[in-house]
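All residue numbers for the first sequence refer to this note's numbering, where the first residue is 5 and numbers rise by one.
Just to be clear, a hint being listed does not mean it is correct.
As a list, the in silico BS3-like pairs of lysine-lysine whose alpha-carbon atoms are at most 25 Å apart [as the list claims (entries may be wrong)]: (1) K152 <-> K197; (2) K197 <-> K53; (3) K270 <-> K180; (4) K274 <-> K351; (5) K298 <-> K180; (6) K38 <-> K68; (7) K170 <-> K152; (8) K274 <-> K353; (9) K298 <-> K328; (10) K106 <-> K188; (11) K261 <-> K124; (12) K320 <-> K261; (13) K260 <-> K298; (14) K260 <-> K328; (15) K182 <-> K95; (16) K124 <-> K57; (17) K165 <-> K95; (18) K415 <-> K432; (19) K188 <-> K165; (20) K137 <-> K165; (21) K101 <-> K57; (22) K106 <-> K57; (23) K274 <-> K329; (24) K274 <-> K181; (25) K274 <-> K53; (26) K101 <-> K170; (27) K261 <-> K329.
In short, the hints are calculated from the structure, not lab data.
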Amino acid sequence: MIRTRFAPSPTGLPESIHLGFVIRALWNYALAKKNGGQFVLRIEDTDQKRSRKDTEEAIYISLKQFGINWDEGPDVGGPYGPYRQSERLEKYQQAAKLLVEKDYAYYDFDAAVREKEEIKESYESKEFTDQLKIRPAARSVSSAESQKRLEAGEPYVIRAKIPEDKVFEFTDWILKKKIRVLGKEVSDLILLKSDGFPTYHLAVVVDDIAMQISHVLRGQEWISSTPVHLFIYEGLGYPVPEIGHFTVILDPATGKKFSKRDMEGKFGIKHWLDRGYLPEAILNYLMLLGWAPKDDRELFTLDEFVQTFDQAGLQKSNPIFDEKKLNWFNGQYIRQTPHDQLLQLIKPKLEYETTDDKLTDIIPLVKERVSTLADMVDMMRFFFIAPELQAVNQEHVQAARQVLGKATWEKTDIETALLDEVKAHDWKTGDFFMSLRLAIAGSKVTPPLTESMLILGQSETLARLSAHAQNETQT
RNA sequence: GGCCCCAUCGUCUAGUGGUCUAGGACAUCAGGUUCUCAUCCUGAAAACCGGGGUUCGAGUCCCCGUGGGGUCACCA
């Protein structure tokens, strides 16, 4: 039975939940569903200071927006709950104690708290040339001594006791390669913090065991901490599940992975949804960012993706995010979305009152020429709000006003009337229509003019032309 | 910097030793359709990081360089 999980930590602002987030949930979901397994959602809120309830809420909402549903999770429960790590504290504490008993871990009463900035700066310094792994003196303190300090009530952390001469090895399920790391390259990382909460390393292993996860699939940033996890599995006496590492999406501006820290929501899910990208389009774009099917197919619904999903298609090298291609996908999806659905999507974005009937007329005209819903709103604005006065050719506007005033308000009538006028004056058709376009819509880029005038109505069309006819400005 | 991962058009990728004069998509450019823009159609330009091996034969296997990324916290 295949059981996968998506285990985000609800830290940072809700709008910092980014696209990389969805992609990892998606692939885990696809693997489980393709094989009739379960997909588990687990909330990793072990960082008491940074975890936020509203961000946890945003995680649920985001996944649902993309149609990714979980079989077990904090909100829906399941046989291996609770699914929120802050509710499983005793389990981690028990595991940590067991590890100490088996000499896989030890108490450290003097663990120094280092500042994040200080640590990062040290990476740049020369001393890093011969990086020493963390091996506190507490490592060799006798258990009797530790017991004494423990009874005295001194605060402590529990660290992994990594054997220097051990060789850690596992075969990455995605990279399809054996990865080997020497014990001396691995630090005695903290497993249980002084506040009694576990660190990620302990919690993730304890839970993946408890929840019977068969495939642990996560981002490549986790490769280097996998040895510690291997060590914990061993210490706890459980077999290691399949472990695989996905690619990391790179920011085109920096070439680095985008994280929830260093940006103002530039890659946040909310940011894209707000700008009028459809969840289906975003999802489809994401599917192909780090995964490819055997054939040249590009368009997939979620269900189709799940059916087609094949582990072999997962890439090894990190892709760069490309907004242009996302735009293309979004345009494709907008064009294939039925008009009535588009209407519902557009309505909340409009800053003026209108009727469904009018929108129904307008939507077919604009959907062909935009790539986002926001573009759509922009393009249809002139139907409701008269544009600012433009510098236009007076003769064109005057002539049009005259003939249109007499025309029956029908497509063919309007067209022949206008075209006759062009012929009569020996104007260039394009120039003439451009003058009208500017006067009526205020832009050089609009839906087809006659259709637009039809919707605008005769009186409004004439009013806009008149407004321009009185305008002193000449071209 | 140590350790680890990766390496095909600008970007996402197909390619699992011969069918590769390397295929598709986005973007770009040109043409067609057209009252603008867009859609749509047609076409063009565009890549196997470098050097050694292995082999009758290498984009495909091995090694070394180079380049890119990740990581090095009482954050995940």
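Cross-check of the supplied hints:
1. K152 <-> K197: Satisfied, since the Cα-Cα distance of roughly 19 Å is no more than 25 Å.
2. K197 <-> K53: 13 Å, holds
3. K270 <-> K180: Violated, at roughly 33 Å.
4. K274 <-> K351: 18 Å, holds
5. K298 <-> K180: This hinted pair holds, its Cα atoms lying about 18 Å apart.
6. K38 <-> K68: Holds: K38 and K68 sit about 19 Å apart, inside 25 Å.
7. K170 <-> K152: Violated, at roughly 30 Å.
8. K274 <-> K353: 15 Å, holds
9. K298 <-> K328: 23 Å, holds
10. K106 <-> K188: The given pair, whose Cα atoms are some 20 Å apart, holds under the 25 Å limit.
11. K261 <-> K124: 17 Å, holds
12. K320 <-> K261: At roughly 15 Å apart (the allowed maximum being 25 Å), K261 and K320 satisfy the hint.
13. K260 <-> K298: 28 Å, violated
14. K260 <-> K328: 19 Å, holds
15. K182 <-> K95: 31 Å, violated
16. K124 <-> K57: 28 Å, violated
17. K165 <-> K95: Holds, at about 20 Å.
18. K415 <-> K432: 21 Å, holds
19. K188 <-> K165: Within the cut-off at roughly 11 Å; holds.
20. K137 <-> K165: 12 Å, holds
21. K101 <-> K57: Roughly 30 Å separates the two Cα atoms, so the pair is violated.
22. K106 <-> K57: 37 Å, violated
23. K274 <-> K329: 19 Å, holds
24. K274 <-> K181: Status violated; Cα separation ~36 Å.
25. K274 <-> K53: 24 Å, holds
26. K101 <-> K170: 22 Å, holds
27. K261 <-> K329: Roughly 19 Å separates the two Cα atoms, so the pair holds.
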